[in-house]
Every structure is written in structure tokens, then in C-alpha cells.
Amino acid sequence: GAVVSQHPSRVICKSGTSVKIECRSLDFQATTMFWYRQFPKQSLMLMATSNEGSKATYEQGVEKDKFLINHASLTLSTLTVTSAHPEDSSFYICSARVGAIYGYTFGSGTRLTVV
Amino acid sequence: AQTVTQSQPEMSVQEAETVTLSCTYDTSESDYYLFWYKQPPSRQMILVIRQEAYKQQNATENRFSVNFQKAAKSFSLKISDSQLGDAAMYFCAYRGSNYQLIWGAGTKLIIKP
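Which chain is which? The protein sequence lines are G and L, in order. Per this note's numbering, residue 1 is the first one in the first sequence, and the count goes up by one each step. Per this note's numbering, residue 1 is the first one in the second sequence, and the count goes up by one each step.
Hints may be right or wrong, so weigh each one.
Claimed, not checked - Think about it this way: if two alpha-carbon atoms lie no more than 27 angstroms apart in a straight line, the pair counts; the simulated DSSO-like pairs of lysine-lysine are:
1) L/K112 with G/K41
2) G/K55 with G/K20
3) L/K112 with L/K73
4) L/K108 with L/K78
5) G/K41 with G/K66
6) G/K41 with L/K73
7) G/K41 with G/K64
8) G/K55 with G/K66
9) L/K55 with L/K73
10) L/K108 with G/K41
11) L/K78 with G/K41
12) G/K64 with G/K14
Because the hints were derived from the structure by calculation, they are not lab data.
Start from the sequences and build out the full structure, keeping to the hints where you can.
Written out as C-alpha cells, the structure is:
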């Protein structure tokens, strides 16, 4: 149980375009979703925390106008990278909190390449 | 602010042997959770083991166990009978009162056949 499905797994987009990444909780209600960015051979960097029905809270240094997060339902959260540039190329991971103490479940990640 | 430190960028172990990965953390909170996650080449994050700070007993999950030293703020992971499938990046993580995970830099574990 507690599966988060993340799509797409890989996406290549042209510089200046926007790309949307979706994370769906399949068998539970994800009230809180975390969005991470991971550079090669590095740890996870928290970008933002979203709670269903409210605005996302962005970490310092993360451009909220570039990385739009929507969490309109308990089963779907999306990250839209707007006006993408090559420096936005990275691995993006979503994660949902499962229960009060159990832990977290992670999407399988999206490798974004901006050309 | 809480911090998590993994001082071993890379560790290697012979198959079937035991290896211990180190993790230390800093916090002023008394109630928190600690996790070890595994990230294989597929990059899917997989929960290995978790520890509630209020529990004195060290958590175990089959071949995986932790040595949780609350006073020393240490949370090491021991992998017994290492298998080729254990090769991965291992991340130590701290969860405090705000439910956000604070991550260590990771340790790359290499299993030698």
C-alpha cells in the first residue's frame, strides 16, 4: 500500500517551454506532498511542501513563479516547471507523508532534460 | 536548525560480510524520527528502517539494524550478510515536528562479489 505514481519518468523539453510533472497517490489520501530536486550524486534538496487545498510553501532560494505547485486534490499534486532552461535539468522526486508516524512514500522520479 | 551528517561518502564490503554506515544528527527537539533510505540505480527511494526517538530499543528489519544512541545523536545502520542487491546510495534522514525530512549527504555502498 501507500503508492505514489509519478509521471512522466523522463521528459525532454525545449528551452522556454513548460513541463508538468504529476504525482498521484493511488491507495491513500496524500494531504501533504513534498517536492525534491536531486542533482547527480547528491542528496535530495527540498523545493517545496504542499498541503491539499492551500498554497505551497517554498524553500528559500526556490523560485515560486518558475516551479508552480498545485495540490488541488487529496490524490494529485503537480509541479510545473515554467519557461524551462537548461539549468533546470535535474531529477525531480515527489514524496507523500503516510499517516502520522509511519513515514513517507516516494514517487519514482522524473528526469527532466531541457535542451 | 537540524542537521544530518553522513561522513562516509563511500563504503565497500565483501559479499556476505557486515558493514556499518554512520550517521550523526543535531537537534534540540526531544521527539523525532530517524530513517535510513536506500536509493538503488533505479533512483527509487526505498525505506530501509525507521526509529522513533522515544523508543530505547534499536529497530531491526531482517538483515538491517540500527544502533541508536540518543545522547550522542548517532544513528548508524548495520547491514549483515551483505548481498549484491544491497548496493545503492544510503541516506540517513531526520524528521522533526514540522514533518519535513532533513537529509544526510548519502553513502555509496559497494558490494564486492
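Evaluation of the provided hints:
Simply put, L/K112 and G/K41 have alpha-carbon atoms about 20 angstroms apart, close enough for the 27 angstroms limit, and the pair holds. At roughly 17 angstroms between alpha-carbon atoms, G/K55 and G/K20 fall within 27 angstroms of each other, so this suggested pair holds. With a C-alpha separation of about 31 angstroms, the suggested pairing of L/K112 with L/K73 is violated against the 27 angstroms cut-off. For the proposed pair L/K108 and L/K78, the alpha carbon gap of about 14 angstroms is at most 27 angstroms, so the pair holds.
At most 27 angstroms may separate the alpha-carbon atoms for a hinted pair to count; G/K41 and G/K66 meet this at roughly 24 angstroms. A threshold of 27 angstroms between alpha carbons decides the hint, and for G/K41 with L/K73 the separation of about 25 angstroms falls inside it, so the pair holds. Using a Cα cut-off of 27 angstroms, the hinted pair G/K41 and G/K64 holds, with the two alpha carbons roughly 25 angstroms apart. A C-alpha spacing of about 15 angstroms is found between G/K55 and G/K66, which places the hinted pair at or below 27 angstroms, so the restraint holds.
In summary, the hint linking L/K55 to L/K73 is supported, as the alpha carbons are separated by about 14 angstroms, within the 27 angstroms threshold. With a C-alpha separation of about 9 angstroms, the suggested pairing of L/K108 with G/K41 holds against the 27 angstroms cut-off. Of the pairs offered as hints, the one joining L/K78 and G/K41 holds, with about 22 angstroms between alpha carbons and a cut-off of 27 angstroms not exceeded. For the suggested pair G/K64 and G/K14, the alpha carbons sit about 21 angstroms apart, so the restraint of at most 27 angstroms is met.
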